[in-house]
Every structure is written in structure tokens, then in C-alpha cells.
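Participant: Given the structure of chain G, go ahead and fit chain P onto it with the hints provided.
Chains as they are written, first to last, in numbering that gives the first Met the number 0: chain G, 0 to 519; chain P, 0 to 519.
You may find that some hints are simply not true.
When chains are identical, the list treats them as one kind, so a pair holds in a single copy or across two.
[Said to hold, decoys possible] Below, computed lysine to any residue pairings styled on SDA-like, alpha-carbon distance capped at 25 Å:
| no. | residue 1 | residue 2 |
| --- | --- | --- |
| 1 | Lys285 | Ser168 |
| 2 | Lys285 | Pro355 |
| 3 | Lys63 | Arg467 |
| 4 | Lys409 | Asp473 |
| 5 | Lys285 | Asp113 |
Think of the hints as simulated: they come from the structure by calculation, not from any bench.
Number of protein chains: 2
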Amino acid sequence: MNGADLLCQTLLANDVNLCFANPGTSEMHFVAALDRTADMRCVLGLSEIVVTGAADGFARMAEKPAATLLHLGPGLANGLSNLHNARRASTPILNVVGDHATYHLPYDAPLASDIESLARPVSRWVGRAETADSVAVRTAEALAATRDGAEGHVSTLIFPADSAWSAVSGGVRPVRNKPAGARPPARENIEAACAALGDGAPVLLILGSDAMRSRALELGAIIAQATGATVLSENASRRIERGAGRVPLPRVPYPVDAAVSMLAPFRTAILVGATDPVAFFAYPGKRSRMLPDDCRIITAATLAEDPLLALEMIADGVVPAGRRPAPTLAPFELPPAPQGRITADTLGAAVAREMPEGTILVNEAITGGEPFSRYSMRARPHDVLGLTGGAIGCGIPLATGAALACPDRKVVTLQADGSGFYSLQGLWTQARERLDVVTVILANRRYAILRYELANVGAGAPGVNASRMLDIDDPAPDWVSLSKGMGVEATRVETAEALSDALASAMKRRGPVLIEAIMD
Amino acid sequence: MNGADLLCQTLLANDVNLCFANPGTSEMHFVAALDRTADMRCVLGLSEIVVTGAADGFARMAEKPAATLLHLGPGLANGLSNLHNARRASTPILNVVGDHATYHLPYDAPLASDIESLARPVSRWVGRAETADSVAVRTAEALAATRDGAEGHVSTLIFPADSAWSAVSGGVRPVRNKPAGARPPARENIEAACAALGDGAPVLLILGSDAMRSRALELGAIIAQATGATVLSENASRRIERGAGRVPLPRVPYPVDAAVSMLAPFRTAILVGATDPVAFFAYPGKRSRMLPDDCRIITAATLAEDPLLALEMIADGVVPAGRRPAPTLAPFELPPAPQGRITADTLGAAVAREMPEGTILVNEAITGGEPFSRYSMRARPHDVLGLTGGAIGCGIPLATGAALACPDRKVVTLQADGSGFYSLQGLWTQARERLDVVTVILANRRYAILRYELANVGAGAPGVNASRMLDIDDPAPDWVSLSKGMGVEATRVETAEALSDALASAMKRRGPVLIEAIMD
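Chain G extracted, bound-state conformation:
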């Protein structure tokens, strides 16, 4: 047994049996170990932005970490932007980054770089397996660090080639890590929350992280109905349970003015697995924090604490036992069949109508996503995975990972075209693994968000030079060709009716398909 075998076996001993990978020479012993470790499934991505984004999508749905296998500093670098999103989603991920053999490092070979410096901004834990024997302990440490109570983190284990190829000493065995359970919330914060909910002043409850799942949403609604508080979700969420039979929850708006105005009335904000809402960007003369300065913040559950337990405790505190109101759930109600041109509205309606129960909806629609979010509140029950860190290019990879986590569920990706370009290579992995993913490209042929933001920062209307940075219509990308080139069947639609037909047909079959929706 060598260090690479020990790594595989330690991962398996800790229930990590899926590895997203793009290996290179320094990882070849890990690759060879795969042939001796049939239980470890290894999925290839054609660029590391796919590898890390897929690991994020997998872990959000499987509720356990995936591993990634990356090739030295540059391999890690290519995957960093989706690791940034994973960090903001509190997703547990273990990166295994191959490095040169320890004795080779001082020679500064061409691929050598400061891997630690690259890894630290996205990782809670960064370490090295200095010897083959140390692999078991270091891997278990790294895995332990992917969980801090309820919160997930990224760990990066640097794995020198000689630690992989050297024989392990007799008696060294895989180490099992005992995951820390979610921590209970602090009683005084729960008491403060209950007191605020009873004092008559306007209270806002902001839910985030795992408090976006059905049971937590219901508790939030119960508390609100019993006390008159308002409940909102964070602006960007890693995973929301939504649709008919669930509590429909509005979110804190993205535009600063709308958010500040919506939050202005509140004197107390209770955070449950959420953080104090701040503007995504700064704008001249606008606020950074969106709650009023005199609004008291009570953190009922930090990201590391159990948000469900916090909500149960608050509900117990504000409603006498046995007197809880039934939470108001969304009815099942689909919008009318959309007609005419494809707009954010008709597209949202078509997808909301056609997606089956249990769909995993990956939302990287950016400017085109709002109407869908509205319609989907009453659509068949589904999960929504969102863009948490603002690093575009998460959609196709997240869908890839989610489909591997939940092979029996349909995955639908709402993919803005500008963002989709960042990681279109993920379509190839969907084809290779025969994943049941429908990708809808919102082809408006521009970075529409930037036209909005250009005005928002007070920079005026774009001229010719500026427009060349905002529009991608020259040449107009052909997503049907791109998709076919990656091995995924594709079709182009230019009306809402054709889009509905294409969606209906895609929902009836299994396997990856892409629909390019040409938008106004």
C-alpha cells in the first residue's frame, strides 16, 4: 500500500466516495490507486472550474463532502472561483492538490508555485501530507475541518508526489474522523429573540443556510404568524426548498435602494443561519449595510449553530405548546401557458410549468431569474441552488454535481449566456456521465447585469467602447453548436411556445439536453 492507496481508503472510511478530478503527472499515483479502489468514483472535468463547481453542487445535495483532485497550483487556480462560491455557500469540500515530490520543490521546477497562498483565501484548513504515513491523519484532519457544527468549509490538502508513491509503514491504517454535530444556539440569544418578538416593535427574521429547508421555513412562518414578525431569506441561498406545499419566502432584494427601503421599518433583526445583509457592491452615495443603523441585531443561530433547533426554541418561546398556528403554505398553481417572445417572464413561466416534482433547479439566470423565482413559489415542489459568492460560471458545474448526488431527480439549469461561457466544459461531463440535466441558456447575448450596474454606479450610458465590454452579440454565440460539440443534444427556440414544447420533451426523457432560448 502506498500513500495514494491510503488516501483513497481514508476517504472511503469517511464516506467520501466521489472525487471530481483533473489530474496531472503529480497525481498519477492517485489515478493508479483508483484501479485498486473500485468503490471510489472519479469524475473527470475538462477544466478545474467544472471540477470544483461540481463538488459544490454534489455536496449541497448529498449533504456530505465531495473530494476534488487538482494538479498543483495552476490546477487549483483554475478551480478557485467556484471554490469561492462554495465558501460563501458553506459547502464542505476537500481539495486534494498534488504537488511536486518534497525533495523536488527546492529546484523551482516550471509548475512549482505557492499553493498555500492560492488555497488560503477559499480554505478554512490548508495542510500538507508530508509523508506517506501522515496521509491518514492529515486527511482525517482536513475532513474534520470541512465541518464546524452546522457550517461547511473548504479544506485543501496538499499531497506531494513522493507521499503518494512511497510505501506506507506496516500498521498505518485509515483514520476515521468524527464529524462535529451542529452546535446548539446560545440560550441567551434565543431569549433575546423571543423578548423582541413580544415587545410590539417591528421585527424581521432573516433565514439563511439550512434554515431554507421545508421544516425551518414552516417554523419561520409559524413564528411570523404568531407574532406579526416579517420573514425574509438572504439574497443568495445555497439551497432552498420551494414550491407548492412549502412556505413561500421572499428574499432580501439585490438592488440596494429596494433592500434599504424594504428593511427600513425594522427595529430588530433576528438572524437564523444568516448574516447581517450588506450590499453586493458599493455604489457612490449608497449604504453598505442595508438594515437601518438603529436596528438591533440578534443572532439566534450563527452559521455554525443549528438553525432548525434555534427556530424550534423561538417558536416554543413565543407560542404556547399545542397552540402553534398552521403555517400558510403555497398552493399549487401554475402560470398560464406563456406565448410570444421569450422574455424573463415567459421563460420563467414556461420553466415553472414544465419542471417535474423534485426538480433540482440551478439558478444562474442573473438578470433573467426574477420572474421564475416568483412563479416557482407555487410550482411543483423543488430545490433551488443559487449563486452564493458572485463568481459567475457556477451553473453548469453545480448542475453536474447535483445530478451525480441525486440520480433519480431531474436537474434544470437556468443559465445566463455570459456566465455560462465560463464553464461550458461542464456539458461534456454531463454527456460522459449520462446525467439527467436540462440546461436552459438565457441567450440575451450580453452581460445584462453590467448594463444595469453601469447606470447604477453612476457611470452613465455606455458608448461604443464601453458597449464592447458589455455585449457578446458580435459574433453571436451558437449554443446549439457548442453543446453538440460537447456531446450534449441541443435545440434552439425563439418563442415561448417552442420553449414550452422543448422543455416538455426534455422532461420526458433522461439524459443531458440543452435548450438555447433566444431572448429579446
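Facilitator: Coordinates of chain P only, in the frame set by chain G:
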């Protein structure tokens, strides 16, 4: 005038008039400034791996820095792997990385991250423009740091949004940086080199960096012919002048055994703009350094010193004035027209035959490149840009930048398919800018280098699981579709004759085209 205007004007004052970009909200004031600064050309890349690789290709050919404009930490992260290659190529590049407004940073908004930690591994200089007024001085500092004598470096200037949008105080003007010239080599090292060349023991001269240009190659050949020394180039070179009428220079081989055996006879190695050759990777039981341990190293020119001057001084020291032999130059001799299947050999012959004089040949052929390098020694004179840092995905972006630097020259990219996937988005920029680039995809549908390396590290033959990490034939990518999807005309060829015809036709026209060469 705001800070963004001042940045544009400072760049222009320092002869930086091309900016490769993928901007976001925090860079919108820079984008708006473009409308007021018509002399600044801004080229959009659909992913930052294209942006940074194109900057590298541009600077290698234009011999002056390009700027990049990147969106916060994640935008920089996506471009790091090609910045790693640029660092190894000693290419001068100025990255401008937008950041949140300074007062917004403490709120840890979703896109916030430790940009400095991400930038440092690839950058000689990392700094911030803390105020609008400081932009001129900081930009000039950053540009000065892109040059250390003969050596180029990457500088990363972090540019907070409020420094961009705030008004500049009266009297603040663009600052011009005086680039440091190449330093002269140390006389004692030149004298040591001359003495070694005269002492009768076998001497190796290794040329790198700018010593791969015609005049330097000729001086190397003169020295070798006069003294019996051997001349080699480094394994990977940023830019080589090659072909008929130039000195054909073999390189230090990639395989360790071949390199160690080739270098074994030498008792002295003289480095001119090159470093002590080390193995690209470590392999069990093989050496890291490839020169013999008892071989004396004389650094006649460090990377920062003038390699041409060093060679002139050595030539003067070893050959009496007026007695220099004429260097042996490569004759013009094309291989016979290749026939039959497309292999590395027939592909190399076809490209060597068809490329016109003055071609810029971007070589990311990986395993398929050796025969071309052989044939090209006697082909029409051309420049070769190579993969310097081992981070794959440089080919299409380098070609994009080189074509912008030299609009009157044909650019031909030899692009391995596995590596090409990393940055295929660059084809779109070639279409948008109507660049005169012929991309030849070496479609062997595997990471062929890794099959070689798996054996090389002693990990044995790949089984089913391992093969899934090395082969990309399921599904087989369709590069013609991918290219058309990006707006670049494309054709597929399956014989050497068809490849020759496609190349001949591509050479006759202008504008981007892709040829997918299906290889055995």
C-alpha cells in the same frame, strides 16, 4: 477627471494602449472611462484564462506590457494559471484588479476575498491604489516593476471602486515610468565563461529568454564553432526565432533520462538567460537536476542581464576580432508532402510546409509537437511561442494576443485537444477581433502526456478507472461544432493530404479558422 480616467491616461502615457478585459460591477467606471479615452483599445475575453493568456502572447510579441482588467478575486483567480505561465516566461503584464470600495471591504460582501494572497504567487509586485490621486503613482510603480533589466514580471494593481469613481485633485497628472534597461552582465562571469571555453574540457552553453532570437543564436553558434562547445536551448521557451536562415538549436529534452544522458559529458555549463535545467516533474529514483553534480555552472547572464551583450562579450573573448566564423544557418528545405493518416509526424510536416514566412507559431501541441519542431528548423523563418509554465490552456489565448500584437503576420496554433478545452473561449475573441489565426486541433482525444507519465512514475498501465481520467473519447468532442459555436469557421480532416489542403487554403485567406485534425 476621476481615478479611472487617470488610470487610462497613465497607461497611455506609458505606452500601454491595449487592455484585455472581463470587467464586472467594480470596474464599471474604468469601462465608462474607455468611452472618454479612444486611444485605449479594450479586448473582451469570455473567461479570464483568455484575458491573461492573451496579455502574455501580446507582450511576448509586442515587447511591451499589456494590461488586463479583472473583476475582484474570482476574476483574477480564473486568470491565474496563464499568469503562472507568463511569470515563467518572464512576460511583463500589468493586472488591474477591481475591488470593492475601500469603505465597503469591512462588510465582507459576497465577492470579497483576499486578492493579495491570490496575486502574490504570480506577481513580483502587488499593491493598491488607495485613493484616486494615488492612481498615477501606483500605476507607474506597478509598470516599473514589470521590468527588472532584461526580465519581465507580472504586477498586480488592486483598484478599489471608490478610487475609480472619485474625482482626482487638481494638478494630479499621469506619471511616466522610466523602464530600467537590461543590466550588463558581470565581467567576472564573462571572464570565467571565456576561460572555461578555452580549457579543453567539454562545455555546454544553454540559451534562454531573449537569447533565443536570431542575433543571439548566431553568436551562440559562433562561440560553439570557434571553441567546440555545445549549444542547447532551454526545454521551454517564451519565444524562439527559427527556420531557414537561422541557427537551428536543439533543446534540453523533456524526458529526464534523455536529458541526463545528453548532459552527462559536460564539466562546465554556461547559462545565458537560462536557469540550471531541472526535471519538469520528479520521478521515483530519478534525478531532479539534470546536469551532472560535478558540472560547474557559470551564469554569464542572469534573467535580468542582457543576454545578447553577454554573448557578444564571450564571442569577443574567445575569437580574435575579425576572425569570427560564419555561423552555420539552417537551409530552406521542406519535408516531402505528407500522406496517409494524421500522426504527429505527418501533421508536423504539413504545418512546416504550409506556414508562410513570418508566421507566429504557438506551440501547445504537448505530445504531438516534437516532429514539427524538427521540420520547422528548415521551414520558412518564423517565431515559436511555447508553454513555459506547464499550466495547460495557453495556446488559444497566446495566439489571440500575438495576433493583436502583429496584425500583419499569420498566427498558427498547434493546440492539443485536452489542453485546448481549458480556454476554447478564446476562439470567440479571435472571431470578434477578426484575428488572422489558424488553430490546428491535434485531436487524439486523450491526455496523451498522462498515459506516458503514468508509466514514467512507475504507476503501471492504466485500468478502466484510471483510463477514465486519461481519455476524453467518450463522448468524442466535436471541435468543428465548438468552433462554429464560437463564431470561427472550422473544418475536420482525417488524412494528411486533407490537412495540407485545409492549411493551404487557410493560409491564403485572412481571419480566424480552425482545423480539427483527427489523429491516430
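Participant: It remains to establish, for every hint, whether it holds in the given structure.
Facilitator: How the hints compare with the structure:
{"no.": "1", "hint": "Lys285 / Ser168", "result": "between (61 Å within a copy, 23 Å between copies)"}
{"no.": "2", "hint": "Lys285 / Pro355", "result": "neither (41 Å within a copy, 57 Å between copies)"}
{"no.": "3", "hint": "Lys63 / Arg467", "result": "between (43 Å within a copy, 24 Å between copies)"}
{"no.": "4", "hint": "Lys409 / Asp473", "result": "between (34 Å within a copy, 22 Å between copies)"}
{"no.": "5", "hint": "Lys285 / Asp113", "result": "between (38 Å within a copy, 24 Å between copies)"}
The structure fails hint 2 only (numbered hints given earlier).
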